[in-house]
Structures are given as C-alpha cells and as structure tokens.
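There are 2 protein chains.
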Amino acid sequence: MMFTNQYPLPYVAVIFSSQRTTQDEEGYQKMAEKMEKLASVQPGFLGIESVRNAEGCGITVSYWSTLEDVKQWKSHPAHQKAQDMGKAIWYSAYETKICSVKHQY
Amino acid sequence: MMFTNQYPLPYVAVIFSSQRTTQDEEGYQKMAEKMEKLASVQPGFLGIESVRNAEGCGITVSYWSTLEDVKQWKSHPAHQKAQDMGKAIWYSAYETKICSVKHQY
Chain A
1 MMFTNQYPLP YVAVIFSSQR TTQDEEGYQK MAEKMEKLAS VQPGFLGIES
51 VRNAEGCGIT VSYWSTLEDV KQWKSHPAHQ KAQDMGKAIW YSAYETKICS
101 VKHQY
Chain B
1 MMFTNQYPLP YVAVIFSSQR TTQDEEGYQK MAEKMEKLAS VQPGFLGIES
51 VRNAEGCGIT VSYWSTLEDV KQWKSHPAHQ KAQDMGKAIW YSAYETKICS
101 VKHQY
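One line per chain: the protein sequences are A and B, in this order.
Using this note's numbering, the first residue of the first sequence is number 1, and each one after it goes up by one.
Using this note's numbering, the first residue of the second sequence is number 1, and each one after it goes up by one.
Don't read these hints as lab results, they were simulated from the structure.
Here a beta-carbon is modelled for each residue, glycine too, at the ideal position from N, C-alpha and C.
Check each hint, because a few of them may be wrong.
Stated by the list, open to error - Not everything, but these chain A residues come out facing chain B in the computed CB check (under 8 Å):
{"#": "1", "residue": "52"}
{"#": "2", "residue": "57"}
{"#": "3", "residue": "58"}
{"#": "4", "residue": "80"}
{"#": "5", "residue": "83"}
{"#": "6", "residue": "95"}
{"#": "7", "residue": "96"}
{"#": "8", "residue": "103"}
{"#": "9", "residue": "105"}
Said to hold, decoys possible - Each computed DSSO-like pair below joins lysine-lysine, with the alpha-carbon atoms no more than 30 Å apart:
{"#": "10", "chain 1": "B", "residue 1": "34", "chain 2": "A", "residue 2": "102"}
{"#": "11", "chain 1": "A", "residue 1": "74", "chain 2": "A", "residue 2": "102"}
{"#": "12", "chain 1": "A", "residue 1": "37", "chain 2": "B", "residue 2": "102"}
{"#": "13", "chain 1": "A", "residue 1": "102", "chain 2": "B", "residue 2": "37"}
{"#": "14", "chain 1": "A", "residue 1": "74", "chain 2": "B", "residue 2": "102"}
{"#": "15", "chain 1": "A", "residue 1": "87", "chain 2": "B", "residue 2": "102"}
{"#": "16", "chain 1": "B", "residue 1": "81", "chain 2": "B", "residue 2": "71"}
{"#": "17", "chain 1": "A", "residue 1": "102", "chain 2": "B", "residue 2": "81"}
Please put together the full structure from these sequences, using the hints given.
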C-alpha cells in the first residue's frame with residue numbers, strides 16, 4: 001500500500017468508511033486485493049490508502065484525477081459486483097464521501 | 001468514535017494519513033484522546049473517524065463546517081504542541097489533505 005503521498009492538485013478523494021461484519025474474511029480479503037489491483041489500472045487512478053483495525057472499522061481513501069474517473073470506476077461491472085457483495089455480506093455499515101482535494105502538506 | 005456519518009453539504013474533510021514510530025505508545029494514546037476531545041468542542045467541528053492497524057498505519061478524517069474552522073483548529077495552541085510532538089516523536093511519516101466534500105451516499 002502507498003501511504004502519505006501527494007498528487008498534482010486539484011484531484012478527487014473518495015473516503016470510504018466501513019464496519020466489517022464477522023462473516024467471510026477469506027472471501028472479503030480476496031475481493032479487496034482484486035479490487036485494489038483493478039482500481040489501480042483504471043483511467044485517472046492516482047493512489048489508495050487503506051487501514052482496518054482489529055475491531056473491523058476501516059477507512060479506505062482512493063485518489064483520482066477527476067470526478068468522471070470516479071464515476072467510471074463506480075460503474076465498472078466487476079466493481080459493481082463487489083459493491084453488491086459488500087452490501088449483502090461484508091459490511092454492517094458503510095459510507096462514501098466524494099471530495100475535491102484543495103490543499104495538501 | 002462516530003463512524004459512517006453524513007453531515008449537511010458542503011463541508012470540509014481533513015484526511016490525515018500517518019505512520020507511527022514504535023516510540024511512546026502511552027504518551028501518544030493520551031494525546032490522541034485529549035486532541036479528539038478538544039477538537040470536538042471547537043467551532044465548526046462535525047465529526048471524526050480514526051483507524052490505526054497493528055502495523056501503525058493510521059487514517060484519521062475529521063469533518064468541519066468551513067475551511068476557516070480547519071485553520072483555527074490547526075493553529076490552536078494545544079493542537080500546535082501536539083503537532084510538534086507528532087513530528088518529533090510519534091510519526092515517521094504523515095500527510096494532510098484538505099478537501100471539500102461534494103457528494104455522500
């Protein structure tokens with residue numbers, strides 16, 4: 001995982017906060033790795049930072065050049081499937097925030 | 001910790017990504033709790049989400065009404081002291097990104 005990187009301003013940050021259920025850790029881990037790899041080759045992908053603690057609270061922030069890139073990735077068929085499985089099995093709660101990054105230091 | 005909350009748009013997100021050193025866990029924990037309490041009573045504070053994993057990678061996102069609120073909190077004397085100690089002792093790397101939240105779902 002890349003961490004504490006900067007990118008050329010302005011760009012877009014997607015903050016995904018989530019609470020894992022206790023179900024299907026193996027399937028979840030496989031999918032998370034697959035999605036991180038797939039995201040990283042999409043147009044406009046800049047980077048990703050992801051942390052989850054022992055209680056299953058996680059924050060993933062992905063960085064993209066434009067809002068259009070974020071929309072494309074959200075609607076990617078394989079990502080859509082992962083989102084559906086997240087809702088059904090892996091997350092008890094989650095929230096997505098789309099942000100324009102204005103400053104970094 | 002509050003998690004997966006929404007706030008009235010538009011608002012500001014401060015993404016703080018950090019790598020802890022292995023030094024002074026007790027002092028760090030005390031300060032982190034103190035700063036979270038102090039932040040929560042500042043003007044414009046909306047909420048905070050914070051996760052750190054066993055390897056010391058952490059992401060904290062705090063949410064504020066306006067950019068001016070973020071500036072005021074950054075320059076708060078007690079927070080300044082905490083930032084100085086973070087640089088000197090607690091973090092081997094860190095990065096702050098100031099963002100305008102545009103959408104949430």
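For a quick check of understanding: which of the numbered hints are violated here, in increasing order? 4, 5
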